[in-house]
Each structure stands twice: as structure tokens, then as C-alpha cells.
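2 protein chains.
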Amino acid sequence: MARPTPLSGFPEWLPDGRVVEQHVLDTLRRTFELHGFAGIETRAVEPLDQLLRKGETSKEVYVLSRLQEVADDGAPARDADKQLGLHFDLTVPFARYVLENAGKLAFPFKRYQIQKVWRGERPQDGRFREFAQADIDVVGAGGLPYHFEVELPLVMAAALGELRAIGLPEVRVLVNNRRVAEGFYRGLGLDDVDGVLRTIDKLDKVGAAKVGEALVAEVGASDAQAQACLDLAAINGSDTSVVDRVRALAASHGVESELLEQGLAELGALVDAASVRAPGVVVADLKIARGLDYYTGSVYETVLVGHEQLGSICSGGRYDTLASDGRTTYPGVGLSIGVSRLVSRLLGADLVRATRGVPAAVLVAVTDEATRADSDAVAAALRARGIPCDVAPSAAKFGKQIRYADRRGIPFVWFPGQEPGADDVAAGTAVAGERGPDQVKDIRSGEQVDADAATWAPPAEDLWPRVVPSAG
Amino acid sequence: MARPTPLSGFPEWLPDGRVVEQHVLDTLRRTFELHGFAGIETRAVEPLDQLLRKGETSKEVYVLSRLQEVADDGAPARDADKQLGLHFDLTVPFARYVLENAGKLAFPFKRYQIQKVWRGERPQDGRFREFAQADIDVVGAGGLPYHFEVELPLVMAAALGELRAIGLPEVRVLVNNRRVAEGFYRGLGLDDVDGVLRTIDKLDKVGAAKVGEALVAEVGASDAQAQACLDLAAINGSDTSVVDRVRALAASHGVESELLEQGLAELGALVDAASVRAPGVVVADLKIARGLDYYTGSVYETVLVGHEQLGSICSGGRYDTLASDGRTTYPGVGLSIGVSRLVSRLLGADLVRATRGVPAAVLVAVTDEATRADSDAVAAALRARGIPCDVAPSAAKFGKQIRYADRRGIPFVWFPGQEPGADDVAAGTAVAGERGPDQVKDIRSGEQVDADAATWAPPAEDLWPRVVPSAG
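First to last, the sequence lines map onto chains A and B.
Under our numbering, the first residue of the first sequence is numbered 1, with each subsequent residue one higher.
Under our numbering, the first residue of the second sequence is numbered 1, with each subsequent residue one higher.
Next up, chain A with everything else stripped away, as it sits in the complex (with noise of 0.2 Å):
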């Protein structure tokens, strides 16, 4: 077999790079488990005809085949309600877990949920074919209070904060709300909301005058109501002031809408609840659009400040109708980080690396082949006790297995007592049977001391790899 290549758009990381990845998802999944989100997971496919109720995204699905089915008459089965397809998004499967568990739930049911999702892209501008999301969702049965649009956006804030650690730029969680756009939009006689909504997404790629031109020419506004759809994407601000501002762009137009008010009483609540909780860390910002198409309340977006060109790196909002039976509705809020495009921007950009590829903080060395057992002994004795390590793979010279501990960055190395020699024994200073004590190595300091493996200990800083800003 010739060396292969990486596939492009599946990722895959280095020993060191899965020690980023892993502490990244622990760091999620911990903070996620304070703020009480039960974790789930759910199957990989889903059957093809759920995943494609979303039409736009119809074509990044992958369907699955078995091989026999498409050798046999050289197409896959074509029975829609049979075909599964790879799940796109950890939305879609979750709904339908809600739906097909819902007796058996306690809502709000809160969960998060930390997998693999495929889509059939192609791989470009970062994108991933393959990648891990990091979902939280809480979900209600026939209502969801309005305060959990405040809560899920701070948990992620927090689960990103605990980030910055290891050198995660600070994040800032971009809200609006999907009602301040209509009931402003609608206000001023512009009843094509989403239309408006999908060429003011363009703003940060192409610019003010561009879409102006477009909402005239694609929208139907006059040039007075592009200008004041622009106007009103152009504020944004971290205080209740923001509030007052698109009120006053309203009243300027003559927009009165209960809508809109509803709308600017809840990104206020958000601001100000915000505010209090993680100061600094939401900012209104009245331009985000994003899947407005099926969100009907809050709307977030997340930025990495001073890498504002990687786009948000965790998105969501409230939806209305996350699932329905026909008999009860259950509404939601949610919010996405996209894992894989974050930690490989931490180790593309060398922002951070793990102190050590291998979990072993100490490698216990073998003096020869017979006395192996001894250095297995010592191994055991120090796992007993929750200290990581390996044993020499060889019975190798010492200085060899030192540089073995070295390669790998395992900062101890461990010498099991020995036999003394026939000279010390001749000499009366040593009594044949009798091993010396056991002696383990810092190889960075080149400290050499007597140790016990039934109590010593590396410090805490060395027992297991952790991830550390870089240096450079």
C-alpha cells in the first residue's frame, strides 16, 4: 500500500492536535453539565425524506448505500422512506429524538449533544466535509419562557471563556431579534421579510451600496426605505441604549409596531440581563439575519475579537416550532459551535499546543529483559495511584530510553533499584540480593533523586498533558 494522502475536508489530527481537541470538547462538555444540559447522542442517519425538508441544504447530504444493494442493479435503492442519509446538523436528529421520546422526557428538557456531523460540500473557505458540533438546545412542551434566550447564549459565552485559558481570543455574542426586523421592516411598508433579511446578510461581504441597490432593485424599497433598512442594521451596542436608538429610527419613519416593540422589549431584557451576568460579552447587533427563515425570536452570532474575518463560530436562535406531533408544538432555543473549524484555527494559527502528545508523565525503564516485571510492577504501583505512565519497550542503554521519554515529551523517566554488583557486594558495601533504592529523572532538569513508587508524585502541572497557549 503506497503512503496515502489526507482526503480534503476530513480532518484529522496528530496525537498532540486530538490532546487540543479533547480538552476543548471536556471544557465544553464540563461547563455544559454545570448549567445542568443533560448530554444525548443520537444516531448518525437519519431517513432521507426528514433530511430533506429542509430544501436548501438538500444537496449536501450524503446518502448511504450497501454495497450489495448498488451492485445488484447498479443504483441504490430509490425507496425514499427506506434511504438514510448522514445527518447535516445535530438540530434535525434532535427533533426528531424529542418527538419519538417525548413520553419518556421531563421538559423543558435541556441537553447538549457533542458530535460528528457530514455535509457534502465542497471543501473550501475552511469548510469542513466532515466536523464535530457542540450543540445546546433546551426545548419545551407547548411553551419555553422567554428568559432561557438570555441563558443559552451566556452558557456558551461561558463554555468559550473557560477557552481562553489556552488562548482562545475573547468571544463576543452578537444578538438580535427576528421581531425588531419585521415589525420595523413591515413598519415601513416592506412586506417581503425575508427578502429584505437575505440581502441585508450580504453587508459584511459586499458592502452598504450594494445592498441598498439590491433592496431597490430586488426588493421593491424606495431609496427612503433602503436607507432605513441599512440605518437600522448599521446600530449595535452593549446597553439598553441600543433600544432607544432603533426607536427613534422607527418614529423617524413613522413605524409603529407592536411587533417591533415586543421585539426591542426582549433584546433589551437580553442586553440588560447580559450586562449584569458576563459584562462586555453581548453586543446588539441589529444587522445579524441569520436563518430568519424558520429562527422567530432571538438570533446570535459569535466572534473571535481580532478574527472577526472566521465568521461566527457559534451560532442559533430560538425557534417556535422545533418539532410537532400535530397535537403538542415544543418550541426551543439553541445555539451551535462549531468544534472543528475552532480548533483548527487554534493549531493552524499555532495559538496553542499541548504540553506533551502522550498521556504518560513517567516512563518507567527496564534494566534487561529478566527484570521487566520489576519496571511493570513499578507501573502498576503508579496507576494505582493515578499517575499515567509507560514502560521501556526495550530493554535498551539508559541513555536510549531516555531519549525514547524525550521524543515523547514525558518529562519523568523511572529506574527501578538493581541488582548490585559483584564489586560492591565484594567490597561489603552492598548485599547481594538487596536492590537499591529506585530513582526517577526529571530529563528537563536532569534531577536525579531516590523515589518510592507507593508515594511519590510528578507535580500537578506534569501529570497529564495539558494545553497551553504557544509561546511564539
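Honestly, the hints are just simulated from the structure, not real lab data.
Treat the hints with care, since some could be wrong.
For identical chains, the list gives no copy identity; a pair is met inside one copy or between any two copies.
[Claimed, not checked] Okay, derived cross-link-like pairs now, DMTMM-like style, lysine to aspartate or glutamate, Cα gap no bigger than 25 Å in a straight line: (1) K104 / D406; (2) K82 / E121; (3) K104 / D244; (4) K104 / E130; (5) K202 / E218; (6) K82 / E261; (7) K400 / E33; (8) K202 / D192.
Guided by the hints, dock chain B onto chain A, whose structure is given.
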């Protein structure tokens, strides 16, 4: 959307089942890491031609096609080197990963890998189409010392042994050595070694009489040769007397074989070392024949004592050629645990249960929506000290909030101190605006005490959900 039904062969757990699965995964991971295995993940897909190298598994492979490609002409792209399939084990991807990254890995390379795999088999007999595997392997560049064939099954035995605390039955690792079998058969004059092994492999299913007949009818053995094979397969034991019994059997048939002697030396060393490091866990069992088409030394199966009919829950062996790039050959030894089958058994047979299905140890009650910020502040203080908690979703009557906690198994409910009533202020027993002390209630005992979120902690056994043996 009507209520969806489960997909056969694609297991999912409710939140409390996921607590059990997560505990199993965390326990395995910790044991693997204590033994120095580095964690990696590989992508879910491999090129189809790589997956089909082992012909007998071809029908199990799920092939991917992008929906668009299928829709164009009704057939997926057939260009084999562009086609991708889902991996059906973690060995094929690991071999590819080793070759792809050989220049960046340090050998011997010890890795663990815990991921889902997919097989398009008919779901039956507890077989899943999607399931999690937990693999450990060590791979060398050019060579790999025998002692790893002793170490790896003991690591798996240690990992599974950790699960006895939650109610997993005792495990027994059954070991054999391909050299023993091959040396013995060839020494008898039976050169169709694979044929004999395939037939012997059916012993548990069809019994000795039918296997004996098949050896004569299908592999061309004489009655005496067939009986000798059956006699070999009947030998088992946990000490080195096994080696003596095999030698005696060989001698009685005039078998002389260097390969047999080499295999017996290895098997004896394994049983010997295991009896010191994990007494009673490893049993030599000469009928173990698994996958001997590519295993070349030790082979392993693992059964749960008292649940032998489940079959092997953890299997593997030594392979002289895990991978090869033409210049370097990479021998390895590894084992794989079928985690989903194990968890399914633990849950299905009601052997274990989670103490609760949500992470929260505390529900912080909400007195009224106007003081929700007080409850949020309590929750933040508890979380900052590592105590998982949830805040009540609505300011319902306290009785209802307590039932909310009770239904989820949350053991403690926290009541933020309240503003005094006007009567108390008038009576001089309280000061207006001065909140009374917070209180926390253990809803199991009913005990309620004053508490400070800056210092109070639940008993350690209540802090996180635990997995315990089921009472029943």
C-alpha cells in the same frame, strides 16, 4: 410530523442510559491513558477500495454518495478511488493513519480510539448497524517485541475490571496462539490450516461430533487427525500446565514442530505473566480460533463470567503486518471492545442504573420572575465552585418546583432568601429590604438548612450522577 419510530440496529439511549454509556467510555479512556495510550480519532470514511481489501466484509460496507450525484443519472459515481464508505472497524482506518503519518509518529506507537463504526448487516442477535468500539493497539516500525502481546490483554482486563464497580460481571480473557495451532496441524500432516481453524471455530455452535465429521469430510482429515484436533481444542487452563498438556498431546501423535514450540513458549509466557499481574483473569483456551487469516501470534477473546452466551465482548490479536508501505512493515497487536453491545447488555439486563439522568445536583428555586436574577446569581456562585445546578424554569409554587427536581432526580432544592413580609417588618422581627438567609432542602430526607452559596457543597456522592449496580 407523526411520532417517529426507532430504526432497527441504530441504538440510542435516553439521558439516564447515556450517563451509563458515558461512564463506561470515561472509564475506558482513563484506563487507556493511565497505561500510556494516546487518543486519536480518524474520519468516519475511507476510500472504498481500502475498505474492500478484506473481501468477506464487502457486503457490510455502507457506501456514500452525494444526493446530487445520485439524482443526475440515478446511479452513484462508480469511480472506485473516489468512492467513500463508512468504516466498519477501527483497524483499517488506524492502519491507514499510521502509514499516512508514519514520519510524524514515534514508534512503538500506542493509541486508543473510541468511535462509532457502521456495518450494513441485518440487525439480529444483538448485532447493531451503528455501534461504538473502543480499541487499543500498539504498532511498531519494522518490529514489535513479544511483551506487548502480554501487556495489551491485561490493559483491557484492567479497563473492564474497573467496570465491576458498577455491576459488570467478572471478565475472563481467553488466549490462544496461532503458532501453536498451525504448528500442531502441520505436524499432524494437515496443511489446510485455515480450513481446520474455520471448522474448529464452530465448536461452540455445533459441538465436537459435527466438527469432527466436518474435519474429515471438508478438510480431508483422517479420523485420527480429526480427533487430535478436537483433543487440542479441548485443552484449557490458567497455568503453564496447559503447555505441558499440549506438548504431551503432540508427542503422542509424533508431532514435532519448531513453530509449535515457539507458540507454546509465547503462550506459556503470557499465561505466566498474567497469573502474576492479574491472577485468574487470563485463561489459555486452545479452541480460540478467531480471524486467524491475518492474526499471526496471540489471539484473544473476552467473555463475561455467567454471560458466556453473549459471546466475546473484547477480541483481538497480533498481526505481523498491520500496514506496509513497501519499505517498512508495521506489526501490531490490539484488542477491541464492543462498547454498544456491552452498554446495551448492562441496560437491557437491568444490571446498572444512573443515580439521575441530569447533571444538576441542585435546583435553584425562583421566588418570582422579578427576582430571577437572585437565583441566577446563586447558580453562578455554585457553578464557579464546580457544583452543577439548574435554575427553575418558572416561578411556580415551591411545591411544583420541588416536584420538578424530584422528577429529574435532582437531590437538592435551593431557596434564595426572601424579602421579609410587611407584617414581620411592622412587628420589628425583620428589616425591610434585608433578605433572609438562603436555605437548601434535601428533597429525599426533607431536611432544610440555612446555606451560603459561597461555602455549601452537596455530599461528594451527590455531586455528579453516578452509575451503580441496580438493586433489582
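(request) Return the numbers of the hints above that this structure violates; sort them in rising order. (result) 3 and 6
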